[in-house]
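J.: Sequence:
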Amino acid sequence: MPFRLSLFLLLTCLAASVSRAQTPLAPPVPVADSGRVFTLTDMLTYVALRHPVARQAGLLPERALQEVRYARGLFDPNATSKYYGKTLKGKEYFHDWDTQLRVPVWYGFEVKAGFERGTGTYINPENFTSPAGLSYIGLSLPLAQGLLIDERRAAVRQAQALQGLAEAQRRGALNKLLLQAAKDYWDWSLNYRQLELRRQNVLLGDVRFRAVRQRVLFGDLAAIDSVEALGELQKRQAELSQALMEFGNATLVLSNYLWDELQQPLNLPATARPQLLPGPADWRNLPPDSVAALAVLAQQIHPELQKSRAKLSQLGVENRLLRNKLLPKLTLDYNLLQAGQPFSPEKPANLSGSYLENNYKLGVSFAYPLLLRQERAKLQLNRLKQQDTQLQLQQDTREIETGVQTVANNWQALREQLVLQQQVVQNAERLRQGEQIRFEIGESSVFLLNSREAKLLEARQKLSELQAKYAQTQATLRWAAGGIVEE
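Residues -21 to -1, 1 to 466 in mature numbering (1 follows the signal peptide of the UniProt record, and there is no 0) are what the sequence shown spells out, letter by letter.
In case anyone wonders, no lab produced these hints; they're calculated from the structure.
Everything numeric in this text was worked out from a predicted model, so none of it was measured.
Glycine included, each C-beta is placed from N, C-alpha and C at the ideal position.
Some hints here could point you the wrong way.
Said to hold, decoys possible - Capping the alpha-carbon separation at 25 Å, the derived lysine-lysine pairs in BS3-like fashion look like this:
no.: 1; residue 1: K91; residue 2: K340
no.: 2; residue 1: K91; residue 2: K61
no.: 3; residue 1: K304; residue 2: K364
no.: 4; residue 1: K340; residue 2: K61
no.: 5; residue 1: K162; residue 2: K91
no.: 6; residue 1: K91; residue 2: K68
no.: 7; residue 1: K441; residue 2: K214
no.: 8; residue 1: K357; residue 2: K304
no.: 9; residue 1: K308; residue 2: K91
no.: 10; residue 1: K441; residue 2: K162
no.: 11; residue 1: K214; residue 2: K364
To be verified - Ranges of calculated distance between the beta carbons of each label pair, as one might list FRET restraints:
no.: 12; residue 1: Y101; residue 2: Q353; range: 16 to 24 Å
no.: 13; residue 1: Y101; residue 2: R352; range: 40 to 48 Å
no.: 14; residue 1: N389; residue 2: E218; range: 46 to 54 Å
no.: 15; residue 1: Q440; residue 2: Q391; range: 17 to 25 Å
no.: 16; residue 1: I116; residue 2: K308; range: 19 to 27 Å
no.: 17; residue 1: V232; residue 2: R352; range: 52 to 60 Å
no.: 18; residue 1: Q279; residue 2: I116; range: 44 to 52 Å
no.: 19; residue 1: K441; residue 2: K155; range: 45 to 53 Å
no.: 20; residue 1: Q45; residue 2: L335; range: 40 to 48 Å
Start from the sequences and build out the full structure, keeping to the hints where you can.
T.: In structure tokens:
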């Protein structure tokens, strides 16, 4: 008996000394404060308005608009003027002056008006006019190639198609950014939940160690139970330290998305807290018709499909132009002439029938390559590009439809897992409470009670992970359908 008593006192003193040396008994670990909630809506608003990638995406439609403006510039009126004169040893050889205004018209022809004056002894007879000069008004009309479409009209049509391509690219880049931001947000929320679970676990372990130590001192429990409780507390403190580190890293990752109006990076304040993970009230079923509706919507608005359709539109314009190139170049030029002053609308008599028959300059030009090898090769290359883009569109359509269905299946599976995991947590809580009662009446041990609590913590952590995946899947489903990711 004296030996047993001595051993009991030795173990008790050892447990007390170890606890004083290694365990922060006072005060207990505080629960995290309830700082301002930084919601997912706040997060996505910051990202959409201020993130550099979002701003870069916003430049794409403006660039496309300027491309259209540039193409329309091909139809700007063009004024030219030239003068050539020669005088040698005091003798005037010639003076040749020609001023012209050309106005391209959308329908393929050009309207032109001008004034020319050619005088002098050695002036080219073709350019000779009376001293009063010669004014003219006319048009240049393509009769074959260039009548239905030409490079200028094709450039405008292709630039307009580029606007649709740019908008699709903008939405695609923004959606990808918002999806990743939403996923990282729910990872942050998950890490915060895991941190809170660890804090609660440490608090519970600290209370148990204190209680066990008191019972050891009173002789109700063996001294080895105090060592067991202390070891479990220290293990939980180490896990809390790991959770603190992971939450800090998740906060840093989330801060990468935050910028102010001056494009300066922001950091989440230490008191910022995420919104809660989706609870049972948010675990909704997906009606089958909603999945079908999302698949139809994806075919209409998904950025990848819109980009392919915009490319097909551009290739279609190019195909029309290349087919037009197979026609010969046949151009008619007609200028109505008048000596002296330019044409005036106040003088309609100038445009009488006899005047039109006797005062004009007419020209016809014709050109046609005999083999058309370049034109036919370009046309065939265009058709191959169209086929390639069409096949890619079919493949993308199928993949997007399958992607929507896959994410919807994940949604349903996660919902079922959440319901089951919630029941697992409830069962683990009952087992832990029952073990606590058994421990209090002396029918259990600290080891078994710690094991029950470890299983309960594991079940709660698994539930939190499923909740985070469920929230991420909600965002992924909207992204898979081509919509803007939002809360």
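J.: If you check each hint against the structure, which ones fail?
T.: Hints 5, 6, 11, 12, 14 and 19 not satisfied by this model.
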